[in-house]
Amino acid sequence: MYKGQSGMFAWLLHRVAGLGVLLFLLVHIVDISLLGFGPNVYNEGIALFGTILVRLISLGLIAGLLYHSFNGVRIMLIDFVPQAVRYQRSMFWAVMILTIVVFLPMAYFVIAPAFGINAGNTASGM
Amino acid sequence: MRISTGYGSRPTSGGFETFSWYFMRISAIGLFFLAIIHLFINHVTTDVACTSYQLIAARYANPYWRVYDWLLLTLALLHGMNGLRVVVDDYVQIRAWRIRIESLLGLLTLAFFMVGTVTLITFQPVAGSLGPHCLK
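Chains as they are written, first to last, in the numbering used here: chain E, 2 to 127; chain V, 20 to 155.
Bound conformation, chain E alone (with noise of 0.2 Å):
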């Protein structure tokens, strides 16, 4: 379907990153179905979420997901406009470095409330 390697490579990190978005997913499901038993269960379950561990396993998550998005993207303009195929490969460059810009700030504002830095999220807001 694709030629050259950018393509291949493309490819695979879709399916990957789409296969560890699902896990999660389910994983998610479930921990979401804790609120059933009430907000001390619920809350030593999210507390979890708020370990240095899952917060480093949630970059993973974030940049599979935004790649995904990405490259989703990519693969609707291949298959829906004209002749789009011809560009795969700089859309491809595009899509990585749209994930990396977009992820790093993001990166900051999950792993700065673990080392006390007030990242501006940690108020009570909404």
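These are calculated hints, taken from the structure and not from any lab test. Only a predicted model underlies this, so the values are computations on that prediction, with no experimental measurement involved. There may be inaccurate statements among the hints.
Said to hold, decoys possible - So, partial list: chain V residues that the calculated Cβ filter (under 7 Å) puts toward chain E:
id : residue
1  : 64
2  : 95
3  : 148
From the three backbone atoms N, C-alpha and C, an ideal C-beta is built for every residue, glycine too.
Take the given structure of chain E and dock chain V to it, following the hints.
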């Protein structure tokens, strides 16, 4: 000989695979916004350690958040499990095993959809759960 149309390839049988091909792309458009916004409000503007029972109680007082989360649950689960089905089609060579595994995936999809939907619909905050959102 296959002559390129300039478009990517797509199934044209008009059967389930064609439906699946379009479903993946249509659900992707919704998921692009639903999932990225979801990440943003639960990991960036609000730290994950503040997404407590108390926060959910405040948020779910507005039924639109339940609709939002239910749409995300439904689209993500169908999109993801259908993606896994395609992966199984690609790598499991023996037909009998493909049928067994994909039937199991169908049952799992239904089970997770039901657990998620029941959780979203039946959530009623216990009395006195309007405290601070952030866990210490």
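Quiz item: Which of the listed hints are broken here?
Solution: none
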